[in-house]
Amino acid sequence: DIQMTQSPSSLSASVGDRVTITCRASQDISNSLAWYLQKPGKAPKLLVYAAFRLGGGVPSRFSGSGSGTDYSLTISSLQPEDFATYYCQQYYGTPPWTFGQGTKVEIK
Amino acid sequence: EVQLLESGGGLVQPGGSLRLSCVASGFAFSGYSMSWIRQAPGKGLECVSYISGIADTTSYAESVKGRFTISRDNSENTLSLHMNRLKTEDTAVYYCARGDAFDFWGHGTMVIVSS
Chain G
1 DIQMTQSPSS
11 LSASVGDRVT
21 ITCRASQDIS
31 NSLAWYLQKP
41 GKAPKLLVYA
51 AFRLGGGVPS
61 RFSGSGSGTD
71 YSLTISSLQP
81 EDFATYYCQQ
91 YYGTPPWTFG
101 QGTKVEIK
Chain A
109 EVQLLESGGG
119 LVQPGGSLRL
129 SCVASGFAFS
139 GYSMSWIRQA
149 PGKGLECVSY
159 ISGIADTTSY
169 AESVKGRFTI
179 SRDNSENTLS
189 LHMNRLKTED
199 TAVYYCARGD
209 AFDFWGHGTM
219 VIVSS
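As you go down the protein sequences, you meet chains G and A in turn.
Just so we're aligned: 20 in this note's numbering is position 20 of the first sequence, and the numbers increase by one with no gaps anywhere.
Just so we're aligned: 121 in this note's numbering is position 13 of the second sequence, and the numbers increase by one with no gaps anywhere.
With the rest of the complex left out, here is chain G (with noise of 0.2 Å):
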């Protein structure tokens, strides 16, 4: 199985940072990478399939980046409701898939 490490597992920062958030692969997945966000008590949402492709209807501050093993999502200006959990998930190999353990992201 491939195995997700997710980092940070959690941050506090303010409205208007820039924040950026980190996976590693176990092997090299071939940009086959997800990330979505989460909200308390929400189906999660996808932001970013194929390492670096907005989803449908994503704002442009959302980016995706990075390629073999690293991957990373990168918030350019943090919004009051961008404040919820963030994770990665690969989608290269033999199913099922798998998720990073999360980002969660707070008010400084």
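One or more of the hints may lead you astray.
Just so you have them, the derived chain A footprint on chain G, three or more residues with Cβ under 8 Å [what the hints assert, rightly or not]: (1) 24-37; (2) 41-50; (3) 88-96.
In case anyone wonders, no lab produced these hints; they're calculated from the structure.
Quick caveat: nothing in here was measured; it's all calculated off a predicted structure.
The beta-carbon is built from N, C-alpha and C at its ideal position, and this holds for glycine as well.
Use these hints to put chain A onto chain G, whose structure you have.
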């Protein structure tokens, strides 16, 4: 509009069984793989099972292998998860989701395994 609607959750005793369903609408169901993903209270996300569009491939997380069975009926646009020999650690919200990068999710159905 794409919609996924789960049902079948509830309270069950350890060792018991439960069948979850996910009814899909608004897209060509047979053209997409589907997965069941669960989230235990206060914990992260875990993909527990996967099925290809025409059901020729299924797979399971080690935590549920041999106890859970995924299936789909493409004529009824329905995904199912049969859960047997349930354990307390199976307590979670169970979501169905579309595709490999999960672009659409259901609202989830809660499964509580407790005596």
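Going down the list of hints, with the structure as the test:
Judged by the Cβ-Cβ criterion of 8 Å, the stretch 24-37 of chain G is covered by chain A as claimed, because 3 of its residues qualify and three suffice. For the stretch 41-50 of chain G, the proposed coverage by chain A is satisfied: 6 residues have a C-beta within less than 8 Å of a C-beta in that chain, meeting the threshold of three. Coverage of the stretch 88-96 of chain G by chain A holds in this model, with 5 residues showing a Cβ closer than 8 Å to a Cβ of that chain against a need of three.
In this structure, none of the earlier numbered hints is contradicted; all agree with it.
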